[in-house]
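Here is how the chains run, residue by residue.
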Amino acid sequence: MKFDTPATTNPIDQLKVVGKPVDRVEGPLKTTGTARYAYERHDVAPDHAYGVIVGAGIAKGRIRSIDTARAKSAPGVLAVVTAENAGKLGKGQFNTAALLGGPEIQHYHQAVAIVVAATFEQARAAAQLVKVDYERTPGAFDLKTAKDKAAKPKDGDPDSAKGDFAGAFAASAVTLDATYTTPDQSHAMMEPHATIASWEGDKLTVWTANQMIAWSKGDMAKTLGIPKENVRLVSPYIGGGFGGKLFVRADAVMAALGARAAGRAVAVALQRPLIMNNTTHRPATIQRIRIGASKDGTIQAIGHESWSGDLPGGGPETAVQQTRLLYAGANRMTATRLAVLDLPEGNAMRAPGEAAGMLALEIAMDEMAEKLGMDPVEFRIRNDTQVDPEKPERPFSQRQLVQCLRTGASRFGWDKRVAKPGSTRDGRWLVGMGVAAAFRNNMNMKSAARMRLERNGRVTVETDMTDIGTGSYTIIAQTAAEMMGVPLDRVDVKLGDSSFPISAGSGGQWGGNSSTAGVYAAGMKLREAVARKLGVDPSKATFEGGNVVAGGKTVALSRVAADGELVGEDTMEYGDLEKRFQQSTFGAHFVEVRVDAATAEIRVERMLAVCAAGRIINPKAARSQVIGAMTMGVGAALMEELVVDKRLGFFVNHDLAGYEVPVHADIPHQEVVFLEETDPTTSPMKAKGVGELGICGVGAAVANAVYNATGVRVRDYPVTLDKIIGKLPPIG
Amino acid sequence: MKPFAYERASSPKDAAAKAAKTPGAKFIAGGTNLLDLMKIGVEEPVHLIDVNGLKLDTIEATDDGGVRIGALVRNTELAADTRIRRDYPLLSRALLAGASGQLRNKATTAGNLLQRTRCPYFYDTNQPCNKRLPGSGCAAIGGFSRQHAIVGVSKSCIATHPSDMAVAMRALDATVETVRPDGSTRRIAIADFHTLPGTTPNVETVLAHGELITAVTLPRPVGGVQLYHKVRDRASYAFALVSVALILQPDGGGRVALGGVAHKPWRKSDADAALPKGAKAASDALLAGAETTHDNAFKVTLVERALAATLAEAKETSA
Numbered sequence: 005m006k007f008d009t010p011a012t013t014n015p016i017d018q019l020k021v022v023g024k025p026v027d028r029v030e031g032p033l034k035t036t037g038t039a040r041y042a043y044e045r046h047d048v049a050p051d052h053a054y055g056v057i058v059g060a061g062i063a064k065g066r067i068r069s070i071d072t073a074r075a076k077s078a079p080g081v082l083a084v085v086t087a088e089n090a091g092k093l094g095k096g097q098f099n100t101a102a103l104l105g106g107p108e109i110q111h112y113h114q115a116v117a118i119v120v121a122a123t124f125e126q127a128r129a130a131a132q133l134v135k136v137d138y139e140r141t142p143g144a145f146d147l148k149t150a151k152d153k154a155a156k157p158k159d160g161d162p163d164s165a166k167g168d169f170a171g172a173f174a175a176s177a178v179t180l181d182a183t184y185t186t187p188d189q190s191h192a193m194m195e196p197h198a199t200i201a202s203w204e205g206d207k208l209t210v211w212t213a214n215q216m217i218a219w220s221k222g223d224m225a226k227t228l229g230i231p232k233e234n235v236r237l238v239s240p241y242i243g244g245g246f247g248g249k250l251f252v253r254a255d256a257v258m259a260a261l262g263a264r265a266a267g268r269a270v271a272v273a274l275q276r277p278l279i280m281n282n283t284t285h286r287p288a289t290i291q292r293i294r295i296g297a298s299k300d301g302t303i304q305a306i307g308h309e310s311w312s313g314d315l316p317g318g319g320p321e322t323a324v325q326q327t328r329l330l331y332a333g334a335n336r337m338t339a340t341r342l343a344v345l346d347l348p349e350g351n352a353m354r355a356p357g358e359a360a361g362m363l364a365l366e367i368a369m370d371e372m373a374e375k376l377g378m379d380p381v382e383f384r385i386r387n388d389t390q391v392d393p394e395k396p397e398r399p400f401s402q403r404q405l406v407q408c409l410r411t412g413a414s415r416f417g418w419d420k421r422v423a424k425p426g427s428t429r430d431g432r433w434l435v436g437m438g439v440a441a442a443f444r445n446n447m448n449m450k451s452a453a454r455m456r457l458e459r460n461g462r463v464t465v466e467t468d469m470t471d472i473g474t475g476s477y478t479i480i481a482q483t484a485a486e487m488m489g490v491p492l493d494r495v496d497v498k499l500g501d502s503s504f505p506i507s508a509g510s511g512g513q514w515g516g517n518s519s520t521a522g523v524y525a526a527g528m529k530l531r532e533a534v535a536r537k538l539g540v541d542p543s544k545a546t547f548e549g550g551n552v553v554a555g556g557k558t559v560a561l562s563r564v565a566a567d568g569e570l571v572g573e574d575t576m577e578y579g580d581l582e583k584r585f586q587q588s589t590f591g592a593h594f595v596e597v598r599v600d601a602a603t604a605e606i607r608v609e610r611m612l613a614v615c616a617a618g619r620i621i622n623p624k625a626a627r628s629q630v631i632g633a634m635t636m637g638v639g640a641a642l643m644e645e646l647v648v649d650k651r652l653g654f655f656v657n658h659d660l661a662g663y664e665v666p667v668h669a670d671i672p673h674q675e676v677v678f679l680e681e682t683d684p685t686t687s688p689m690k691a692k693g694v695g696e697l698g699i700c701g702v703g704a705a706v707a708n709a710v711y712n713a714t715g716v717r718v719r720d721y722p723v724t725l726d727k728i729i730g731k732l733p734p735i736g
Numbered sequence: 317m318k319p320f321a322y323e324r325a326s327s328p329k330d331a332a333a334k335a336a337k338t339p340g341a342k343f344i345a346g347g348t349n350l351l352d353l354m355k356i357g358v359e360e361p362v363h364l365i366d367v368n369g370l371k372l373d374t375i376e377a378t379d380d381g382g383v384r385i386g387a388l389v390r391n392t393e394l395a396a397d398t399r400i401r402r403d404y405p406l407l408s409r410a411l412l413a414g415a416s417g418q419l420r421n422k423a424t425t426a427g428n429l430l431q432r433t434r435c436p437y438f439y440d441t442n443q444p445c446n447k448r449l450p451g452s453g454c455a456a457i458g459g460f461s462r463q464h465a466i467v468g469v470s471k472s473c474i475a476t477h478p479s480d481m482a483v484a485m486r487a488l489d490a491t492v493e494t495v496r497p498d499g500s501t502r503r504i505a506i507a508d509f510h511t512l513p514g515t516t517p518n519v520e521t522v523l524a525h526g527e528l529i530t531a532v533t534l535p536r537p538v539g540g541v542q543l544y545h546k547v548r549d550r551a552s553y554a555f556a557l558v559s560v561a562l563i564l565q566p567d568g569g570g571r572v573a574l575g576g577v578a579h580k581p582w583r584k585s586d587a588d589a590a591l592p593k594g595a596k597a598a599s600d601a602l603l604a605g606a607e608t609t610h611d612n613a614f615k616v617t618l619v620e621r622a623l624a625a626t627l628a629e630a631k632e633t634s635a
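Here the protein sequences come in this chain order: A and B. When you line the first sequence up against my numbering, it's residues 5 to 736, in that order. When you line the second sequence up against my numbering, it's residues 317 to 635, in that order.
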C-alpha cells in the first residue's frame, strides 16, 4: 500500500482499541521473568558455551603480538578467536570501525579476541590470560583541539543558508553570540549487548538484542562473508536500546566466530565495563549560536554551527537540524563540521541531532529572552512559524508549539516565576524555574507485516518490528484489533524475527507510527481476504465484535476461517507527503529545581511536559516513553558525561559507578500532557513519533531553571556543582 | 577470575592463622567490594577465608560506657541499632548515606573500613596504577581526577578512601580491635589505622598479613549535635565529592572529619580547635597544604561551604 495522499476516514478512526491506555500485552511475561531476553535463550540453545571478549588496551596503534597460549590451555577453554585465526571479515554497512580489531587497533576496548569456554567463569578467567603486546601510535582525542581541522561532511545536508545572516545579525538591536558544549554520552541501557549464536552447517542463527532486524541480518552476513539468506536473527525482547543496539556489534559477530571455532552455540554478553568504549556513544559537540533580534523580540538572524568528531569514515552529530525549523527569522545559517577523532565510534543515541542541539539552542533562547527583557515563554511564542522558515512554501503538517507553551505555563504556575535570577529562597535552597521548547522531527519508514486469521478466530500479527521497551507489542495488537474488529485478547503479536516481513524497526522515534501503519496495510489485505471468502465487496464490509458484517449478514470471524486460515500481508510505503509538509513533533518542558545555597547541589523538584505529536496510539505507553525521556534529559543536564582521557584516548568512567545516570531519588513527580492532535499526512494511523520528543529540550529547561535559581549560567554540560559553586554568593 | 581456594575458619584466631600460612590469602565477609574486584582481575587472591561464621556480629556495651561493634555487624543493622541511633547518630547517618539498601544489607563493619578506592584507573587493568600494580605509575595524576584527593597526596597516588562510615568512626575516635596469627590481639586507634599513600599506595592500613579485625569499639558517647553531610552529584547511590562529619557541642567546640578529600578519613586537631572560630578557620586548618588538580580544585571551596552549612544546621538544631 502506498500512502501518498493525506488520510481520510478509515477503520482506525473508530478508536475502539487504538487511543486507549491499555496495559502492555507482554507485561505479565516481563513481570514474571518469562519473557526471555537474548542471553537467556537456554530453551533454544541448551548446550551453549560462553564467550568473553577481550578489549584493546590502547586507543590507537597495532598489535605487535598476541599470546593466547595460556588462555587456550586454561581449564574449560574450547576456542580462542583473534584476527589471526578468524578468517577474512568484512565490515557492516552501519559500522565505522571493525568489530574485531587486529593488527590495527582503531579505538580503546575494540574487541581483539574472544575466549570460549564451557562456563562463564572459565571463559572470564581465561580471557584475563590473553596477553597482547601493543605498539601505540599518537591519536587525536580532544575535540577542542581537533575542531580547527574539522571539515564539512561529504554526505547529508551539513549546511544551510537563507537571506543575509551576517548582515542581519550585525544590524540587530539585541544579539547573542555564545558557545555551548555537550559531552560524549553513553546509552547505558539496562540489558547489555548480548547474543547467543548457533551454526547448523553454514546457516547461522543469532538470538540477540537488536533494534533493526533487517539492517543487522544484512550486516552479519556482510561481516562474516556469508549469504544473507544463511543468517536468521531473532530479537523478540530488548532491555533498552536508545540507539545503542541499532547495529550489529561485537557481541553478535564474536559469538558467531566463537561458535564456529568451538563447534557449538556460544553466548556472549558484553561485560559492563567494556560497553562504553567498545560500542557506540553520542558524540560530544561544540556549538556556537548567534541570534539577532529587534527590540520587540522578533528574531532577524539566527545561526547555529556545530562541531563534533568521529573515527575516519564516521559521521557528525547533526546538532543544528532543529534550528532550521524551530523559530522564524528571515536571515539564517547553519553549519555542521566533523573532525577526525580516535575515540570510540560515535553514532545515534536517543534523538540524535536534536537531543544535543536543543541543549544548546534552548539555553540560547533563554539568554536572548533575558537580554530582551522578555518572558522566555513569550519570546518563543513571538517567533513561532507555521511554515518551514528555510522553505516558506512548505507548511508544517501540524504545529502546536504555542499551545504546548501556553498550556504548560498555565498548568505549571509559570506566572509565579521571578524573572530576576537568584531571588527565590526556601530555607537552604535557591529555587528556580526553567522552560524549553521540545522539538523532534517525525520520520516515516517503509514497514511490512503479515496478519493471519486463524481457524479459531484469533488474529496473529508477524513483523520483524522490535519492542525495545517502548510498547510495540501493545500498539501493534491495538492496531490489529481495531482493523479486524476483535477484542485485544484475541490478537497475538510476534516480533523481532528476520523470517517475518521487514518492518521499520525501532529508531529515530519512527517505529510507532511506521510499524502500525504496516499493520494497517496488512489488515486491509486481510479484510479483503475475508470479504472475498464471503463473496462480498470489501469496501462494504464492516468488522466489529468479532464478526464481519456485510450484505445484511453477520458472520463470526472464526467461522470465516473455519476451514483454513486467511492471510493478509502488505508493506506500507510512502509518497512525497513528508516533502510537501514538514512533519515534526512539538512540546514544552517546564522544570523547577532547587540548588543548595552552600554546596550548589542541584535537585529537580517538579517537571511537566506538554506534547503535541499526532494521534497518541496508547496514552499509557506514550506517557512512559516521555517520562523515560525526561529522566534521561535530567541525566544529560546534571550528570551524564563520558570523560575523555585526552592523553590515553578513552572514556575513563566506563562503568555505572563512574557514569552516573539519575536514580529514583533524583526524579520527582513528572507530569505529561498530550494535546489533542491527528496528523493525516503521516500515515493512516495519523500518528507521529513520541519516544524521543521527551528528551529534546528538557535538559536545557533544567539548565535554565538552575540559572533562574542561582544567576550562574552554565554553558558546558553537564551542569555540575563545581561549575557553579565558585560563583555563588558567600553564605552565612 | 583466577581460580582460588576457599575455606571457612572456625574462630578469629584460626582465621588469622590460616591466612598467615598462605601468601595472597584474603578474608571474605560481605564480599560487596572484593568480589567485584576479583571479577575484573584487580584483586587476585589465591585463597579466600570466609569469616562469616565467626559470630562477630553483635553490638555490646563496653565496661567504660561505650560500645563494641562486631566486625561482621552488617551496615544496615548497625545503622538501625537503637543505641547507635541514640548515642552515636553521626555513625548511623553516615552509614545510611552510603551505597544502597541491598549493599548495606550485606556489607560488614570491618569490610567497610577496608574497602578499596573508586579511582577509575585502579579499576582498569590496562592502565598504570601504583595501588594495583606497584611501580607502574599513576594515570590519575594528569588524568581525570575530579573525585580525587586534595590533601595527604603523594607523587604515587591521589586516590581517596570511599567510605562514609569510616569518616564518622574517625570523628567518634573509634578503635579497631584485631587478632594476629599468633593469637595475640591489639587495639589500633582509627587515626592510625589507615595510611597515606606515600610511595606505597598499595598499602592502605597498618594491618599485618593475616591480622583480622574482630571489632570496632566506640568510646562513651560524647553527645552534642551530630551531623553527616555528604555532597554528591546525584541524590543517592553515589560516592562523596566531599563529606563532612561534625559533632558540635553546646559550647561551640567539637570535632570535624572529612571524607572524599584524602586516602583516609581526614581529621586534624587544629581544625577541631578552630571550630569555634567558624567554617573558614576550621576548613583552612583541615586543608592546609592542599595540592589540587585542575579537576578537583573546587573541593577546597566545597569543603568550606559544606562545613559552614553543616555548622549552621548544627547550631539551628541545638538552639
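Take these hints with a grain of salt, some might be off.
Straight-line alpha carbon distances no greater than 25 Å define the calculated DSS-like cross-link-like pairs of lysine-lysine that follow [unchecked claim]:
no.	chain 1	residue 1	chain 2	residue 2
1	A	K650	A	K727
2	A	K24	A	K583
3	A	K557	A	K544
4	A	K650	B	K334
5	A	K731	B	K355
6	A	K34	A	K498
7	B	K329	B	K471
8	B	K355	A	K135
9	B	K329	B	K422
10	B	K318	A	K135
11	B	K471	B	K422
12	A	K583	A	K6
13	A	K76	B	K471
14	B	K471	B	K318
15	A	K727	B	K334
16	A	K6	A	K544
17	A	K650	A	K624
18	A	K76	B	K596
19	A	K583	A	K498
20	A	K583	A	K207
21	A	K450	A	K420
Hints listed in this document are in silico derivations from the structure and should not be mistaken for laboratory results. Predicted model, so just to flag it, every value in this text is computed and none were measured.
Q: Provide an ascending list of the numbers of those earlier hints which the structure does not satisfy.
A: 2, 4, 5, 7, 11, 13, 14, 15, 17, 18, 19, 20 and 21
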